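Participant: Residues per chain, in single letters:
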Amino acid sequence: MSGMTVPGPLIGRVAVVFGATGWIGRAICTEFVRLGASIVMVGRDRERLHEMHQQLDVDDRIMPAVADVTSPLDVDDARRAAIERFGHVDLLVVSSGVISGSAFEDGVPGDWAQMIDVNLRGLLHASQAFAEPLLTAADHGGPADMVFIGAVSTDVHAPRFAVFNAVSAAIKQLARTLRYEYGPRGMRVHIIEPGFGVDPNQVSQEELAAPSPRPRLRESSPVTPQTIAAVVALAASLPKGANLAEALLLPTEKVSS
Amino acid sequence: MNAATSPKRSARNRLRNTPGALRGALVLFAGTIIALVWANLPGSNYEAFWHLPLGFEIGSFTFDLDLLHWVNDALMALFFAHVTLEVRRELELGELRDWRRASVPLIAAVAGLVVPALVYVAVTWGSGSVEGWGVVVSTDTAFVLGMLALVGRVMPPALRIFLVTLAVADDVGALAVIAFAYTDDFTPLPLLLAAAGLGIIALMRFARVWRGVLYLLPSILVWVGFLLSGVHATLAGVAIALLLPIFATRFDDIRRAQDHVRAFQMAPTARYARTAENSLARAVSVNERAYNALTPYVAWLILPVFALANAGVRITQDSLLDAFTSRLTWGIIIGLVVGKTLSITVATWIMTRVRPNALSPSLRLSQIFGVSLLSGMGFTISLFVVELAFDDPTDVSRAQIGVIAATALAAILGAIAFSILSGREQRLFPNRDRLLRPLDPDRDPVLGDASAAIITVVEYGNYATPFSPGATEMRQEMIGRFGSDVCHTFRHLPLEEPLGRSAALANEAAAEQGRFWEMRDALLAQAPIRTERQIQRAAAAAGLNLRRFEHDWMHSIGSERVVQDVDEGHDMHLMQAPAFFIDGRRYTGAIDPDSVNSAVAEALDRAHARAGTTGMGKDPRAMSPCTTFRNEVIET
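Listed in order, the protein sequences are those of chains A and B.
Everything in the first sequence is counted per the numbering used here, starting at 1 for the first residue and increasing by one.
Everything in the second sequence is counted per the numbering used here, starting at 1 for the first residue and increasing by one.
Bound conformation, chain B alone (with noise of 0.2 Å):
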């Protein structure tokens, strides 16, 4: 019905709401496109350049590293640092809480870094050209996750954990190889330095000291210190964030944020503006918050940067000739592309059948498979290889243009194995994008009044995982914000946390008495679910007559919704809570108040328009009401 507009709409939507680790994928290509270019004009200054030196001078001290390594070791060891958070998060948080499913990417990685290296030494044996074996261990973690951002949106988020974990392993591996086989100049006495540091960093972490800025001194002396040593100064990233105080927020800790917020309400003085921001700080880990805010600088600075200085292979026909014929140049090759893809997927295929539960239950085997095409990808860590291993300018070349085609081929046949597994998902799980079963006012308990709403929506959750306590206020300003215009319901979502179901069923069970919404507010409030308890003091704080409330439960009575729910979710393919359905249609945004909220005001103006257009009259709440709402069309 609205057909001429939609298309138009649609394309600035998705450009909006494209993530951002995709849009920061295409200012990475960019960046290598450009340097490609660059470096192969003719008389070009691209070399130059990237060795100017940049430093500083105090007195007799001086300290300076050429531009190509404050990109390579400053800037990259932000970078390394950005996504080690992130996988500290997962493995204390999330996906990779559980040891054996965080031991199948580590175990992965380790098998991409001995397999490769062998398959190049076999091809390579005899030919003299043997020691360049480190050129194959490692994946570049800023292309492949740029490029599974890309290639593997429709993919679960799992799988990019998985991704991210296995790089930044196989980084820590790749790097250590640097520094023990390719370095001449290590010296492990400026590493007393660096541990130092991290020492200082364990200590202030075990005093609680949760202001991010103190983290940075302690943090530059184990860099200087790593640099020093010769180990690759990025791998101080890594220690850092792996030691970066992280805990789930916790709700007092917002309630006490609150009160401040609310004190400098009422006083608005810099004393209290400054304990208010302490508190807000307070309530979020370092980790998150440091990871906050590196995101916009790693995606739009770092990367780009880097792929500036490091992509500029020169490329000539006489080389690629000359590369294609010798064995250095497929070792490279058949190393990157086939060690790394083979060694990945059956080291994971052999962890699955040691231990069936060690993956993630939302991944697939075809899915490593794609992923460990894509850690082909070695780039900018193979080609600081080449450089140490090789002296030899021609041989340098052939390895150089060795990289850059196993690189390009692992995107190509990685790009191609996800444009099919996506057709799969899609075809797979073709309902992934809208609701399934509509709001229902006979079986879903609403908020606000079904009958008058313009749009519904539809929360799928669960209280076992940590990032929820924001829910309540969430619904609150929904309610404030649009009134009667919108209804809403909640839908249980249990993903493998062990208490997310009996939570779910606690829920029901008060819901028998009229009171889902009190019990869930209540629940909220305990959340992250861990332990019964919770649950028994969620239900006395939302007024629940207790041994009804114990009853129902233990003999879950609300289990037909739950189980209705959890099928439904699956068939959907929710694979991470909460999920909102905004008008019917999945939404994939940022889960906060604001980009929720302005996700449903964007949803209600296109239900506006929608009534406007079909002429029926200028109050839209007349003609429709959410419960019909499945009659429908939906477009995808």
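Here chain A stands alone, though its shape is the one from the complex (with noise of 0.2 Å):
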């Protein structure tokens, strides 16, 4: 916490962060309060966000907000309780999700369900509740950002992961089709693209959500939760005529997925 002084490019930013104990979102998170905005942690796990909530140590800017990014009405809850906290939001990062993988004949149904639901419904649920609050924020001359974490898988085709992709894709084509919505109105819509360098054949089943047992592959990968989340205060600390709309962020020497 050095930087707790030095005005950061965040000030006055509120931000609402979907996955915010995963392990991407935890990351965002601290460098979102490092950077100066205020956050609204939103996570289904409420030991682990009070535990989150010690950690980072400012009480004044963090609210942490129990819900199910699947149900609607939690995420409902949730925009409510930031906009009566805060009064505005102007940063949304959805970075929930989970993963599974295998051959595609072996998949399991319900597991693809779950992909869909948390992955792309509930991410069309958070973007949803907080289009308003948003393009408020927007209407108002200040910036507003909806960034998306996606998947690099998306474009690399990886085998074994085949529904992932397809989720991923959607996600992806969500975020182009917005950004022509809502870019004429103000807000920037921004996907982006982590690729950790991991053979994804060698990854059964992993939940980027959960930060333990975290697969050691992934957390040996040069791209870290914090560059990932470097990438996003950057795309929300440009100026607001500019647009960080797309980024790949991929291992430096291993560039396939």
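No lab work stands behind these hints, which were simulated from the structure alone.
None of the values given here were measured: they were computed from a predicted structure.
Note that beta-carbon positions come from the ideal geometry of N, C-alpha and C, so glycine has one too.
Just so you know, nobody snuck in bad clues.
Here's a subset of chain A near chain B, in silico, CB distances under 8 Å, partners left out:
hint	residue
1	S71
2	D76
3	A129
4	E132
Here are the in silico distance ranges between beta carbons for each label pair:
hint	chain 1	residue 1	chain 2	residue 2	range
5	B	W349	A	T70	56 to 64 Å
6	B	Q258	A	D57	49 to 57 Å
7	A	D60	B	R547	23 to 31 Å
8	A	T70	B	L192	56 to 64 Å
9	A	D57	B	R547	28 to 36 Å
10	A	T70	B	E560	30 to 38 Å
11	B	L280	A	D57	53 to 61 Å
If you follow the hints, you should be able to join the two separate chains into one complex; please do so.
Facilitator: Structure representation (structure tokens):
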């Protein structure tokens, strides 16, 4: 917390982070707080939210909100709570997601449903619920950002993750379309796609949202949550006329997925 | 167009659709007449018969009562339990949930105990028969409810609830009077036994025991305790019924029961049959199960036997002449007829002055006056007190004739009052039996194809009343059974429940997003609606855009339809939800899927017959779409 007194580029911003207790979400929250933003950390696990809240150690700019992204009512409650606490919201990050993979013919339909529910439907709920406050922020002349954390594998067609890739492609398509819808109204829509340089064939099942047990391979990747958070923060802090619309973040040495 | 067939059919239907209470009343009066004839036959064995002892003997322990006491102390305990269960349910979930509202009949009952006694004392002062004041304190619950069913058919249901509460409170007071003023052999010790029994019931209730049978054992203990103490044993029925668990049916329980029944379907074993039965029973409170179990016995056995055993008063010409010249007889008549009427009406009037909302809005003071006239029907308890209060056979005869005369007079005056009131009611609400606004696909959300359907079903309902969890199933069954022959709509009838209107507006707000029926199902799944949160949850479950929903809901977007529905519901005098209109006619039978759907089937048959007689072809669908229904003559 060394930069706490340094005025950061996100001072005055109010960010809502879905999947705040996840591997990537946690880093984004930390980075936002460091750069001066107020944050609403949305996650399912009350205890982990509490624990993070204590670690971040700045009471007045942090609000934890327990919500399941698959429940529209929960998401709506989070929106209400955020507005009530901070007055407005001008930055939304959706980093909640699950991933499961296997050979397609061995895939478990329940796992697919879960990915569609959390990664796609949840993201739809979150982005719809916060579209209005973000547009209001844009109307007031300030920056307004909607950030989706995607997956690079959409382009690479990683085998064994067919369904995850299909869902991620849908998210990417949504980001691109929303950009056309909301760009003219002053809201930036970003999609940040990290690739970890991990051979997906070695990863049978992992949860992006879960901090542990985390696949060691991804942890050893040079693309860390911190680097992802830095890109997100950069996207949010550019002058509002410029949109870092799509970003691919890859390990320098190992560029395939 | 079907003038030839309609009278016969409607007569048969009328009999079938006669409310149970009315049929019960007819049986009760039949019992009364038979008893009077029997008792006055020359050489009658009426008295002797009812004093035959009946009991059992185990070793050296014997227990016997004569037949009359078996009827009055045992059977009537069941009757009082039955009516008290109803009062209790109304107190917990219904009309009397609000204490302010429940207090009116209670206070009226107290006034109806005290004032008639004072009137009697005033009339008989100095005549030596003053001690008979207890004769005029009580209303005969069974007779008065039967009478109301007979003469007050078009009255709002709230009136019956008012009367039931009044009568039960009155009986408790009267039985207490008997216990403390007229019982010589009052021994308080066995009351401890009764208290213990009641304590066990309270404990069982606390422990959420749901098996009705288990409550039977302590109930018998309570009854024996009351009986041995000399306090009238029917009070046991009242005390037990007040304590039995009561709750609104919960959707979760219904779903659990459904799961168990499904499990039984898949594996019809004895074990699954048992779990299914249990979970079904568990979904309904002991109160309601006991009420339903008792209902046929009360109507068809207990009440007629009770009338048969008690109404047989011997009347001769001489005794009549003597009675109508005695102050005792007139004291009873004036006490019951004038005293009861004045005290109950005036007490209620004062209550409504003090607390403007104390009476259900569907009730008027004139109706209370009619009920108070009826409550002059003293009968059983009065006759019972006669035996206790007087020793001299002449006095007994005078008093008995007074009671019978007062009861008959009260019944006649009450009947006259209600025939006037009913006429007024029908003038005030001429449209009570038919649907004011036909189903209109441009205005009403329609399930089914309005242009293809032969008949319409219009439901007026709300989401805040406790008894609506079955509505979804009812509708599904309707659709499954009648397919495109029937189209269905739902209109709003938010009564006084605080969130009824809000839920109706939420339903309309969902219609803005094309999800009226989805929202209806979601609201029903949450019913009864008691908090705004339930409505929000329903909106999410119905898959609505919550932001738009919230906006539309808060801005009462659908209020036009809701207000119209409410106004028309008022014009049609709809006082209870749900109310159904089948083929444009008010449906008055029981609200359960079977009854409603068989009424729909009948209406469909009628519609087919109608189409057949008009000779416009074989396929009735082609000629009688429900949108043109408004042009048809509705027979009333």
